[in-house]
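Asks: Listed below, chain by chain, are the residues.
Number of protein chains: 4
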Amino acid sequence: MSASLSRPPRVGVWLVGARGSVATTVVAGCAAVVAGLRPPTGLVTEAPAFAGSGLPALSSLVFGGHDTTDCPLPKRAEQLAAGGVLPLGLPAAVAAELAAADTEIRPGGPLPGDTRDEDALIAAFAADLQDFVRRLGLERAVVVNVASTEPAPTGPPLPPSSLYAAAALRAGCPYINFTPSTGLHHPGLAPLAAASGLPYAGRDGKTGQTLLRSVLGPMFAQRALDVRAWSGTNLLGGGDGASLADPAAAAAKNAGKERVLADTLGTTPEGQVHIDDVPALGDWKTAWDHVAFDGFLGTRMVLQTIWQGCDSALAAPLVLDLARLVARAHETGLRGPLAELAFFFKDPVGDAPSALGEQYAELVRFAQGLGEGE
Amino acid sequence: MSASLSRPPRVGVWLVGARGSVATTVVAGCAAVVAGLRPPTGLVTEAPAFAGSGLPALSSLVFGGHDTTDCPLPKRAEQLAAGGVLPLGLPAAVAAELAAADTEIRPGGPLPGDTRDEDALIAAFAADLQDFVRRLGLERAVVVNVASTEPAPTGPPLPPSSLYAAAALRAGCPYINFTPSTGLHHPGLAPLAAASGLPYAGRDGKTGQTLLRSVLGPMFAQRALDVRAWSGTNLLGGGDGASLADPAAAAAKNAGKERVLADTLGTTPEGQVHIDDVPALGDWKTAWDHVAFDGFLGTRMVLQTIWQGCDSALAAPLVLDLARLVARAHETGLRGPLAELAFFFKDPVGDAPSALGEQYAELVRFAQGLGEGE
Amino acid sequence: MSASLSRPPRVGVWLVGARGSVATTVVAGCAAVVAGLRPPTGLVTEAPAFAGSGLPALSSLVFGGHDTTDCPLPKRAEQLAAGGVLPLGLPAAVAAELAAADTEIRPGGPLPGDTRDEDALIAAFAADLQDFVRRLGLERAVVVNVASTEPAPTGPPLPPSSLYAAAALRAGCPYINFTPSTGLHHPGLAPLAAASGLPYAGRDGKTGQTLLRSVLGPMFAQRALDVRAWSGTNLLGGGDGASLADPAAAAAKNAGKERVLADTLGTTPEGQVHIDDVPALGDWKTAWDHVAFDGFLGTRMVLQTIWQGCDSALAAPLVLDLARLVARAHETGLRGPLAELAFFFKDPVGDAPSALGEQYAELVRFAQGLGEGE
Amino acid sequence: MSASLSRPPRVGVWLVGARGSVATTVVAGCAAVVAGLRPPTGLVTEAPAFAGSGLPALSSLVFGGHDTTDCPLPKRAEQLAAGGVLPLGLPAAVAAELAAADTEIRPGGPLPGDTRDEDALIAAFAADLQDFVRRLGLERAVVVNVASTEPAPTGPPLPPSSLYAAAALRAGCPYINFTPSTGLHHPGLAPLAAASGLPYAGRDGKTGQTLLRSVLGPMFAQRALDVRAWSGTNLLGGGDGASLADPAAAAAKNAGKERVLADTLGTTPEGQVHIDDVPALGDWKTAWDHVAFDGFLGTRMVLQTIWQGCDSALAAPLVLDLARLVARAHETGLRGPLAELAFFFKDPVGDAPSALGEQYAELVRFAQGLGEGE
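Chains as they are written, first to last, in my numbering: chain Z, 1 to 374; chain P, 375 to 748; chain A, 749 to 1122; chain Y, 1123 to 1496.
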């Protein structure tokens, strides 16, 4: 970054699903950390290894986005605080930042009754983005999909997540898919993505069961233990629980989960993965995993794990990390799929290792590369 | 290895605690795998990455050792089969190999009433070792301590594990401490170890709770999650349960467990570790871990793990791996502490990374180095 | 029982699914306990409270049954011993009893290609039963269904379990349905059951998750805690896993599980129950339950349970208990649904309490009533 | 209660440890339920079975107590709300009731430097109580010990909990010991208790692990399963964690826990109980139990339970239940140990069943007896 600027350039973070739990936590949490109200727990890119990478500062991030609902962000934040997702008093402390982001949220779509065709929707979304960048004088903006998981598409029409992804390309913005929805993974978008010269990353943030699997799978493999069955059940409330209880939506998510096992173990063990919608759990999720494995001479042993986490609190810092990394990648001229960000995803783009430790090493190398020439 | 030999050189594996569960499983299991009765599950060194390292073949290993009890190995094997540790029918199938090893077991000590002083005991043990190597025409022998954990020593006299370690040095044999007992970690033995020119490794095989911690600790650290408390309880029967219920014996073991957390997390979280003797569990152990951690904005989350394993089945293949690696290291002229074997230990000698993934990478590099010049 | 008899009368136990894991464990286990090789662990009716009930002695039970496969019982028993379900050496020790039962197993059906109509099948099965009683000079015989769970029937034709139940009625034998299959619960059999004057019991033995729920549900209710969601996952291998992975078969089983919660809690909480077929688990099953409940002032709390059991070892003693109790009920002239045996079932016949403690109290009262007049 | 009173008589609840988490939750929670802000979840005595028992209404309860600290109740309530123990906004909504109770809290003791002897302390505490009753025109008051657990006493001097208990006797107030501290269980107090003609109850509220054990123990016994080892670990923060990490304090608590197993199982299984102080958990506690049991033919099975609860939220409604029941028992002239309240305690006074279901049945009978003659 040029030292001659009187103030550092600002970077836009455009959230698809901008009024959801994750997006609200992103906006409120970024403001809280910038203000020094909270330590940067959970923010990977605040570790010393990333200090020289030239990443945009958290204080330089400006938020906007699309959503189809209209609950104001300050109110959403109060709801999250009541549910224990945000600390008490935080919504009030960052009310100004929430309100500022709220004014930059534009209607998403298509809603029922919307007669616009695909191209018109893409054009409208892209115009929203370009307006955001221009009006606020942003150096660049990255688009991050944090909307509820949509059912796997069954035909050629672009699902909503792909419309937003296409809009990002058209507006010249790097794209990050934090969900298992289609986004850029649509055959109709592949040539556009390639031609855009933009970097992109995804998909499906690794925040719980799969995160664990990406360290436990390599452990079994390195110890030459024979995993016979790996079974899992996820209980989650909130919008995500309802979305993923739909078998079509769960299918995409589960594919990512199973890929991690197959890649790290070298075989596909027996066992299923269930995703249950349990509204009483609110924004909290519980994942139980049962791993039956054979040791020396075939002796049967079992590992079980229980992960009790808050989905938004797990996802939000990773969204900030990704926005910073991809914005910087764009700045340095990188293009195409960023396989080096596999650390963050269940189903990473490009060719990447599956073991978390190797993914982390690759991420650090990538970040150091971003800083060269600074 | 020279192709001109009509038969490959044989390598001795001298087990301190040769009639225990681990040693019996080592002998029976090696025979079963050599005979093709069982796949090499759990044997790290049978992975392709180790194929070119020049390790002694499993079929070239010859077993002997010291013990203070006199239950014959074939009978111990039957007991283990009755407890589900060895497969049904295996003791009969490898009866010849068990009997052969049984004839190479010499009385350990000191037993109550033994009036020999330290030097006489060391000399006697070293003579047993040298006789084993000479009489059977072995190329070399490695000594592995798999005896029950002894209380932490309180004064200058050498504890039994250190007497055996000193005997290994005197007999010119590399030494591996698979237990948390003192072994070579005695100030009185440091100069001898340095002067011996022998390689050595240890200590305390990483077979359950600490194995898990060595992959979960790095996961928390890489994700910048703030581990506030890590509590654990181990239930185990068998001789190990009784030994470790002694707080003095448990102290050494727990130090290793906590070191892994401190090293991988960068801080020492709250929480204790308990080791309970539960004879009804026999050779099986259960470890429960409870990890309370804070995520973004301080949101509290919890991971729990339950590991149900068979101690002997977890330890035995690692003992074989270590014997092969250290024998080969000796052959190639390596000396001193083998920090590159940290993958196997809770409390590794030398300066080594604490994350299992890094330890594995280092192990593979080490093994490849062993093969150079073949 | 009359003291003038030179030998006590013998009672037949006719097992539908006589070559399955449960039936094999019933026959081998009864012999082992009678011979004093094993204590009567798991046998409810060996408790002192049942001493005066006039139940037939275990030594008086004689086994036979129907099955559609032909693996001999002694061989099945060896398979179970290899899987850890039966103790090592037990099959050999009770080989005579296994062989004796094996000779009393008749072909079940209908097998593919069988052209007999319903009535012919019922008549054939009833004839097998009558022949068993007459030929062996049995005082009476009870029929117990321990066959794999069949899919819920969709129409008027009688499913196999109902054919066997009808045969029991025709042969004058009390009937016990230990599975969730239809058995006597078919509208076409209701008048026959009523007219038969026979006692009957069922259905679906309560051996794991539902057993736990029947004590935990009342605990929550008595403490006025508000259970918001009760979710469960069952992993099981063996034939039962495969049968119940079929949603139609699982439906019947899950209905029983949910009835227990609704009855004991007074409401139906959120949450699903999954039954996964995991062949690698063999005869072992694992059930995880996650209970999210609200305490005082709505504070959210969680109970989780993990039950790791061996299905055959859990079911077999209850089958013996039920056979003894129902045989004695028949002897004393009881008829119709035996609601007092709800202690044993997920989905009991008649009107019975759902809390295990109350069911046990009722069982003891029932058993004491059986003994009056002795 | 007489219908001629213009307003119902008021009943005092005198809390020893009146500024602690439990006491604060008692006062705030009672007010919240009375005001209709929250449903009576967790209050056993609000169930229909207790409707005719003549218990004092929640709205008739008046709170006071002793404590050695001076943090005002409204502030304590805010702290609890920040920790998730009380709902957000509740402290403000019941600020008046908290303030009213705060004015009725008197200094406890003895504090360091206090030179009063035992009798002077007892007299002072009794005077506080009598003043409370007289000044507020209460019909009666019950004393409930909810202070932190004290170390088991080692000699004749009365520990503080016994001083308060003696003061209750002297002031003519029924006494309830909700903690494992000594209270009335001191040989020096037995004759006083007997002579007082007052009813009393205790000790050690059953709110988590032992509550579970009191339903699981009977389940194993009724099913004739052979429990071989029952091991448990409790993690808790807050003041209770620190108190109970002291082995002397834990001893009393663990004795109660083990008594439940011995009484319900008929034998004492192997296994230990640990209580760890984990300050990071705040007012939350986690209890893990591991039960190794043998089924039919000795087949080993395992049940594990994990209870994650909020200690204050579990205890507070039971304190209200007990205060109401014991006040009514006093009104009806009952005296001596109230064994019928065993449902609430780990280590109940008098001769009582250990199974929770039987305890509940006895409680309901007791409550119905209280209502007779109304």
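Errors might be hidden in some of the hints.
What the hints assert, rightly or not - Derived CB-CB ranges, DEER-like:
hint	chain 1	residue 1	chain 2	residue 2	range
1	Y	1157	A	1027	45 to 51 Å
2	A	805	P	410	55 to 61 Å
3	A	936	Z	82	42 to 48 Å
4	Z	51	P	742	54 to 60 Å
5	A	1027	P	742	36 to 42 Å
6	Y	1157	Z	51	49 to 55 Å
7	Y	1472	A	817	37 to 43 Å
8	P	491	Y	1310	37 to 43 Å
9	Y	1181	A	936	56 to 62 Å
10	A	936	Z	79	24 to 30 Å
11	A	830	P	442	30 to 36 Å
Said to hold, decoys possible - So the derived list for chain Y, only partly shown, Cβ under 8 Å to chain P, looks like this:
hint	residue
12	1193
13	1353
14	1355
15	1394
16	1396
17	1398
18	1400
19	1401
20	1423
21	1426
22	1473
23	1474
24	1486
25	1487
26	1490
Keep in mind that the hints were calculated from the coordinates and are not lab data. Ideal placement from N, C-alpha and C gives every residue a C-beta, glycine not left out.
Asks: Hints first: check each against the structure and report whether it holds.
Replies: Going through the hints against the structure:
Range check, residue 1157 (chain Y) to residue 1027 (chain A): about 57 Å between beta-carbon atoms, so the 45 to 51 Å window is missed. Checked against the hint of 55 to 61 Å, the C-beta distance between residue 805 (chain A) and residue 410 (chain P) comes to roughly 50 Å, which is inconsistent with it. Under the hint 42 to 48 Å, the C-beta atoms of residue 936 (chain A) and residue 82 (chain Z), about 56 Å apart, miss the expected range. Checking the proposed 54 to 60 Å range against residue 51 (chain Z) and residue 742 (chain P) shows it is violated: the Cβ atoms sit about 33 Å from each other.
Evaluation of the 36 to 42 Å hint for residue 1027 (chain A) and residue 742 (chain P) yields a pass: the beta carbon distance comes to about 38 Å. Judged by the Cβ atoms, the range 49 to 55 Å given for residue 1157 (chain Y) and residue 51 (chain Z) holds: they are separated by roughly 54 Å. Range check, residue 1472 (chain Y) to residue 817 (chain A): Cβ separation about 58 Å, and the 37 to 43 Å hint is violated. For residue 491 (chain P) and residue 1310 (chain Y), the Cβ-Cβ distance of about 59 Å falls outside the hinted range of 37 to 43 Å, so the restraint is violated.
For residue 1181 (chain Y) and residue 936 (chain A), the Cβ-Cβ distance of about 59 Å falls inside the hinted range of 56 to 62 Å, so the restraint holds. A beta carbon spacing of about 55 Å between residue 936 (chain A) and residue 79 (chain Z) contradicts the range 24 to 30 Å that was offered as a hint. Between residue 830 (chain A) and residue 442 (chain P) the beta carbons are some 35 Å apart, a value that agrees with the proposed interval 30 to 36 Å. Annotation: interface hint on residue 1193 (chain Y) violated; nearest CB of chain P at approximately 23 Å, more than 8 Å.
Interface hint status for residue 1353 (chain Y): upheld, as the beta-carbon distance to the closest one in chain P is roughly 5 Å, under 8 Å. Against a cut-off of 8 Å between C-beta atoms, the interface hint on residue 1355 (chain Y) holds, since the closest Cβ of chain P lies about 4 Å away. Interface restraint check for residue 1394 (chain Y): the shortest CB-CB distance to chain P comes to about 5 Å, inside 8 Å, so the restraint holds. The restraint placing residue 1396 (chain Y) at the interface with chain P holds, with a minimum CB-CB distance near 5 Å, inside the 8 Å limit.
A cut of 8 Å between beta carbons decides the hint on residue 1398 (chain Y): the least distance to chain P is about 5 Å, and the hint holds. At about 5 Å, the closest approach between the beta carbon of residue 1400 (chain Y) and any beta carbon in chain P falls short of 8 Å, and the interface hint on this residue holds. Taking 8 Å as the C-beta cut-off, the interface hint given for residue 1401 (chain Y) holds, the closest approach to chain P being about 6 Å. For residue 1423 (chain Y), the suggested interface contact is broken, since its CB lies about 12 Å from the closest CB of chain P, more than 8 Å.
Taking 8 Å as the C-beta cut-off, the interface hint given for residue 1426 (chain Y) holds, the closest approach to chain P being about 7 Å. Evaluation of the residue 1473 (chain Y) hint against chain P yields a violated restraint, the C-beta minimum of about 31 Å exceeding 8 Å. Taken as an interface hint, residue 1474 (chain Y) does not check out: its beta carbon lies about 29 Å from the nearest beta carbon of chain P, beyond 8 Å. For residue 1486 (chain Y), the suggested interface contact is broken, since its CB lies about 36 Å from the closest CB of chain P, more than 8 Å.
The interface hint given for residue 1487 (chain Y) is violated, since its Cβ lies 38 Å from the closest Cβ of chain P, which is over the 8 Å cut-off. For residue 1490 (chain Y), the suggested interface contact is broken, since its CB lies about 42 Å from the closest CB of chain P, more than 8 Å.
In this structure, the hints that do not hold are numbers 1, 2, 3, 4, 7, 8, 10, 12, 20, 22, 23, 24, 25 and 26, in rising order.
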